[in-house]
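Asks: If you read the sequences in order, they're chains A and B. Positions 1 to 273 (my numbering) are the ones given, in order, by the first sequence. Positions 274 to 882 (my numbering) are the ones given, in order, by the second sequence.
No lab work stands behind these hints: they were computed from the structure. It is possible that some hints are incorrect.
[Said to hold, decoys possible] Below, computed lysine-lysine pairings styled on DSS-like, alpha-carbon distance capped at 25 Å:
(1) K779/B with K153/A
(2) K785/B with K154/A
(3) K72/A with K51/A
(4) K257/A with K236/A
(5) K779/B with K154/A
(6) K150/A with K785/B
(7) K767/B with K154/A
(8) K785/B with K153/A
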Amino acid sequence: MKLRITSYCIFISTFILRLQCADGQEDRLFYDAVRTEASGDLDQAIQLYLKASRHSHSANLNGNLANLYFKKEQYGHSILHFRKALLLKPGDTELSENLNFAYEMAKIAPPVQSFANTYFTANFLSFWIIICSVIFWTGLLMSIYLFFFKTSKKPFLYLTMCWGISCLVCYFAAHLSMQQQSRLFREVIVCLPTADNNYSDTIPLRRFAGESNSVNTKILPGQSLIIRLGNDGISKSYQIANGKTWYLANSSDGKKKGWIREDEFGWIIDPNS
Amino acid sequence: MKKIFFYHFRLRIVRHCLTLLLLSLFSFNICYSQGQNLRVESSFQPPSITISNSSVYKVVIYGSQENPQGSRPQVSSLIISNSPQIFRSASFINGVPSVRLEMSFQIKPKKMGKHTIPSWPIKIGTNTLRVPSCTIDVLAPNQQDKIRQSAEEKQKSDLKEACFIKFTTPRSFLFEGETVSGLINLYIWDRLPVSRIERAPQKVGDAFSLTELGQPQEKRNQSRNNKAYTIFSWPIGLTAAIEGNHGISFNTSIRVRVKSRGNSSFGSPFFNDPFFGFGREESLKVTSDLQNITVKSLPVINRPKYFNGAIGSFSTKSIVDNDRVSLGDPVRLFFDIEGQGNFSAMPAPIFESNSDFKIGPPAFSFEGNELTKQQGKQRFEYILTPLNPGLLTIPVIPFSYFDPIQEKYFTSNSSEHPLRVDPGETWIDSTSGELAIEEKSNSIPTTDLFQTENEPGEWVQKTQKNILFDSSVFWVAQGIPFACVCGLIFYGRKRKRTGRDIFRQKQTALKKQMKEAIEYKDPTLFYRATRERIRLEIGTFYKYANPSSLSNNEIFTLLKSGSNDESLISQIQDILHISDSHEFAENEEESQSLDIQFKKINESLKKIR
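Please build the complete structure, drawing on both the sequences and the hints.
Replies: This is the structure:
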């Protein structure tokens, strides 16, 4: 019995210590990165931020990383990390302005702000689900009450009609938000591979997966692409002999499409996390 | 057989021959009588009438049926119709054929006394005859005429009270060119079945001009002369145009639905229940009383130089949109005239170019009552172009007007405005500057733009927040309303099965019936519903199998079986007794009002134990 209790205590304390170590690690890495950045070693600062981001995420970390990439004139990466930072802090005006400036420098038109883009985004999904749920249950309860406990059938009919319409509207809004959510999960930002310096200013989208295949179209770093889904409902990808994975993607407006290598883009939401 | 046929044939021929003979004889007689003994007679029928009645002037031509030609004389004291009724006849008098032509003229006398239509010539074919003179005696009105006349006058006054126009102006005199605001009110009695107003009131009186009449304002249930009227009001701006004492009135016409004349018992088509399209529509002219307004001419003495015809009470103000401009740049000067007066007839104040400024014709704009244009603000916008550099002064705009209340001329001067006019600048090539700016913008110090955060902020494990569907809390929370729904359905079904719902439906229906009975003051229906309700509620309360079959005695037995007061039982007994009296004995006596009875029954039924 004593042995069992001791082993439990050891296990719990180890777990807590591990958590604390992990917590401390990303903070340490972040502060190291800030100090390194202050000393002027931008590349080292980027590496430290990236290392910290493997453990955990924060809006400030991604914002600082985006700033560094911007200073390095790697606008694709800069836009990617600004987008990540904005996912964590959607209302931050400074981040939004910086992102717009990054778009401008990358010579890419920023996404058009419309009513649908504002109120039916992935951020509003929870809101619409809650509204949908509240309307559904409230309406159902009231309909049942009117049906069983009131003699007049008119209010029941009117309420049921209103309830049905409201449910449809909310369902439609939630559906739109879910579509945006699904799109966001598959959205990637095109970035120039950092290891390769021989790259031109654009990224080719190929007709088939593989380096040797002809170019379908070219896109600028910083532009967003949507990874296509296969018939099985998962991202359409292909792994070639050298171990690199290729993904079939198209641009946000659907005009450009082709295969892109995994190191030529960055996921806004990492599918492995 | 052959003989019978010939006999009938012969008979028919004889009958035809006789008919032809008679017709030829008749036509021969007519032809023969034409031109025989031509003579003319004239008479009044009746020859003597009272002044309110009418007579017929009859001219009879014997011996001809040809249309006569002639000119009937005019008599000043008689109104003679222009289109006579003509009647032709042919007859045998003592075996002698005779034809004649009668002309009947309707006569209406204008005054009492003996009136004679003198002899006048008439041409028949080639013959000229003289119609003899004829005299009618017009007597003083009798009692019946007086009654009819007074009835007509009463009808007219009634009609005038039913629909009339009132026109109000602020003053009884105006100055020539002055504009005042007025109001035309069309009063329509609520009981007069007016289908529409055919047109807006029209002015009668050339000495005044009127602004356009817009849509009227409608006021309902306005009391006047102990009658309820609907008033349609048109605000107007009235401008006096011609000097002198002039009358002005307004008239309009309305469309009124009236009953057919044949059914009218009083001779008046109005006020006789003209409902639901059985009548016809008639146009009714509505006229206002003539109102005399004196229009005075404007005094000549002390008339200012800049007086331009503005009459009213005004205040002026001038504003300049800029106090510093470059040479050649225009300046806008607004001159506002605010107050009451003849804005529609007011010309722009004279403001001419001088050596310092080139002044264009002003633009007008009016803010205020657009319909009457009598009260508001008139703005004149002048564009001034400075001609010289330096510190210039925009001169005052002189404006004179006549105040009709104080009967004096006034001059109002706007204030002077200083204006600094800079000399024109030399043209600079902007290309080099733009290039410099562009270069500057390209070399933005990015270190200044993107600030580094020193604190990491809140750490999260995932970039994207969890979807609500993946949250177990969300699904657990859904369980609560689901349980409520299930519970409610279960309880509702149970309730339906126990028959409480049917009881409540019946109870509601009976209560509704009782309320309706109270509304329509129907005691029989009320007490019938009461008895049914008492049976239902008491029967249901004591779980009696068939409450509608309960007799009064059974109800009392049930009540006694419970713990009810004697007073309550007696109260219900009384109610049932009254109900039975109403139902079977048709007892109409009503000790209490139904409303009180209803409350009493409700209270009694609540007390049942």
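Asks: Indicate, hint by hint, whether the structure satisfies it.
Replies: Evaluation of the provided hints:
Of the pairs offered as hints, the one joining K779/B and K153/A holds, with about 15 Å between alpha carbons and a cut-off of 25 Å not exceeded. About 17 Å separates the Cα atoms of K785/B and K154/A, which keeps this hinted pair within 25 Å; it holds. A hinted pair counts as satisfied when its Cα atoms are at most 25 Å apart, and K72/A with K51/A qualifies at roughly 18 Å. At roughly 13 Å between alpha-carbon atoms, K257/A and K236/A fall within 25 Å of each other, so this suggested pair holds.
Of the pairs offered as hints, the one joining K779/B and K154/A holds, with about 17 Å between alpha carbons and a cut-off of 25 Å not exceeded. Note on K150/A and K785/B: the hinted pairing holds, with a Cα-Cα distance of about 15 Å set against a maximum of 25 Å. Straight-line distance between C-alpha atoms of K767/B and K154/A comes to about 22 Å, which keeps the hinted pair within the 25 Å bound. A hinted pair counts as satisfied when its Cα atoms are at most 25 Å apart, and K785/B with K153/A qualifies at roughly 16 Å.
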